[in-house]
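Engineer: From just these sequences and the hints, can you work out the full model?
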Amino acid sequence: MMQRDVASFAFAPAVKVRLISAGFLTAKDICDLRPTELSKEAGISQQEALEVLQEVRRGPAEQGAAESRLTALELLEREQALGTVITFCSALDQALGGGIPVGKTTEICGAPGVGKTQLCIQLAVDAQIPGCFGGLGGQAVYIDTEGSFLVERVVDVATAAVQHCTLITKDTEQREALQSFTVETVLSQLFLFRCHDYVELLAQTHLLPDFLSQHPKVRLVVIDSIAFPFRHSFEDLSLRTRLLNGLAQQLTQIASQHSVAVVLTNQMTTRIGQNQSMLVPALGESWGHAATQRLILHWEGKHRFASLYKSPSQREATVPYQITPHGFRDVQLPDPSVTPADPSLTPSLNSRKRPRGEEGDPSDA
Amino acid sequence: MANKKLRRTGMLPELCDRLDRHQIETCQDFLSLGPLELMREAGQSYQQVQTLLRTVSLACAPTMVTALELRDRRSHAFFPTSLRGLDAVLHGGLASGTLTEVTGPSGCGKSQFCMMLSVLATLPRTMGGLDSSVLYIDTESAFCAERLVEIAQNRFPKYFSLQERVVEMAQKIHLFRELTCQNVLKRLGGLEEEIISKKAGLVIIDSIASVVRKEFDTSIPGNLSERSSLLSQEAATLKYLAEEFSIPVVLTNQITTHLSRKGTAPSHLECNVPEGKESPVSADGESGYVTAALGNTWSHSVNTRLIVQYLDSQRRQIIVAKSPIAPFSVFNYTVQNSGLELEDSAHRYHPRADSGTAKANTCCPPKHVPSADHFFSLCRSVMHPPQSYSASPQVPSQPTGVAGAW
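Sequence lines, in order, name chains L and P.
Take the first sequence: its letter number 262 is residue 262 in this note's numbering, and every next letter is one higher.
The number in this note's numbering is simply the position in the second sequence, starting from 1, with 1000 added.
Source of the hints: derived by calculation from the structure; they are not laboratory data.
Every value quoted in this text rests on a predicted model; they were computed, and no experiment measured them.
Every residue, glycine too, gets a C-beta built ideally from N, C-alpha and C.
Careful, some of the hints might be misleading.
Reference excerpt, derived from the structure (chain L facing chain P, CB under 8 angstroms, subset only) [claimed, not checked]:
| id | residue |
| --- | --- |
| 1 | 150 |
| 2 | 199 |
| 3 | 232 |
| 4 | 269 |
| 5 | 271 |
| 6 | 274 |
Structural biologist: Shown next as structure tokens:
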């Protein structure tokens, strides 16, 4: 630490230049001085000298990020404690290893009309399901850039979720939790931001850490969609790539530091191949690396399918789903002996959060 | 908000001057740069730059509103279309603050639908209207004032029996004829002032597709992206207006034939067609399928999409293809002198898995048989019979875009 170059500190450029030209090259040269001495020798103001000294004297633990060293065991315990946000479609939850993981970024891509906003609204309601029902009991932030967020739909989905929980209530703990899980509370704990262009989105992302610190119960942040503001009026594509990368980094950091699940929706664009055109996720190749997990929703004939396309821990899988007036649900299979009669009575809701080890191989399901 | 000058964000004036010298004047310029560049241009340390970013972000970030407040705020959230089945499925009608697109082959009734909506918007709230004026941007010269009056007088005969009411209604509909893309864009730019000055409650653009498809030939490289960016710009402006003034915005679009391989066509568009008849929107194996024009990006921009198509020579269908709150639904209708009339009184909800087995709709004869000659004499138009849309691979079929056909 003592050998650290002065040039590597985050001082203002003018201050750095003066320090270096006065002969201070490493941290060791500076840290023993008093502010007035430093200011006279380097030709900087006393205030600036004080700031320089404070910065230099801070130990490495305070300078860097808080989570610099963790063993894998600590990480495992932490991940298991964080939990997941269920989607109410048991097949998808199984493929995802319980649901959308908290602490990571997940991207949902799909063609228009396939159900991305529906899934986001479902997740925003599901994040608020109380812990004794298998949920997280948290709040949700919804950043809407497209204008597709309709409150009436949230009311429908929330009503269905509350009804479902009422039906499966067994013990007093659940009954008590149900008092605070009503349509009104669900709506009041859903924080909505409407960003009209990419500048507002960038600004909101800068302010998100403060907001999350003030609202520590938030467990889900949805950005629907991240593609829309970046897909027009951008002649300079390198600027766009740079902004998107910065945004992705910030969101990943927010996800892990504040223990929230970050969900982004992306659009699809047509790529003209040799003789055919295919639909690929928008925002370019480099954006594909931004999110930790990628889910692609698509049509096949009359049915909708969700494919887990990229995940560090789950196998690729494709599951069917449907959108009902109650929200995002499983597809009811025609054979009643295979699946339970009511598809919304998913096993994941009846038990508490299962650690990953019990899941088994999702592809066997 | 993005163009807010830095001086108004509470930043120190000396700092603003220094940034001005580097051409960083607005919030947009400031936020588009990374922290290192900002450190260099502003001459500040990293911590100070973070503080500045926070100040600037606070100045242009949106305010937070909870869903509960939003629900309580939206008293007049839906604009009823007077097609009862459709309104029931859409939770009340066209959602204000969103973009609704009506797309379909030429001659199906899109312009008729728009004219009907214009009449409805001028009605008082007790009759289900918006009691406000309408801004109608017409790019195809399909707007026919006589037809407008005819719809009004036939749909609400008692209300419009007084001549003054007809005049009042007609005065509230402001028509703008724009024939090029640039003019449309300019008109959209000035629409905010028009909405305020004329107290408009509905904006209709009929149609968004015609000018764009006339001017942009997508086979020329570069045109596709230019067209997409123009459309995105228009969509962003319209969304902003819709939300700012809480009004519904209705657009019409055309259709195009998409040539693709079997299996990739979204055959959810195939619906309720009587057996043996040819469906204009079909996913037949080899040639292609018909879909809304203007591409994928545009499809993401609209919030609700209604597709109209032919069923047979008299009857048409209106399909709710994309909606944030309504399931996929199909309604049959006919065009009559009172505008559009749905056929059955009860609407039909089609869960996806069942639509494969759906049989031909039970039809009841329409209330009046429209007399074709009577309508032709009012507006210059040609009625298109249902065509078979399977295109040959060389020449993709495109609707000829005859103005005013219904």
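Engineer: Next step is simple, just say for each hint if it's right about the structure.
Structural biologist: Checked hints:
Contact between residue 150 of chain L and chain P, as hinted, is supported at the beta carbon level, the nearest pair being about 5 angstroms apart and thus within 8 angstroms. Taking 8 angstroms as the C-beta cut-off, the interface hint given for residue 199 of chain L holds, the closest approach to chain P being about 4 angstroms. Of the supplied interface hints, the one on residue 232 of chain L holds, with its beta-carbon coming within about 3 angstroms of a beta-carbon of chain P, less than 8 angstroms. This hint holds: residue 269 of chain L has a C-beta 6 angstroms from the nearest C-beta of chain P, less than the 8 angstroms allowed.
Taking 8 angstroms as the C-beta cut-off, the interface hint given for residue 271 of chain L is violated, the closest approach to chain P being about 11 angstroms. Evaluation of the residue 274 of chain L hint against chain P yields a violated restraint, the C-beta minimum of about 13 angstroms exceeding 8 angstroms.
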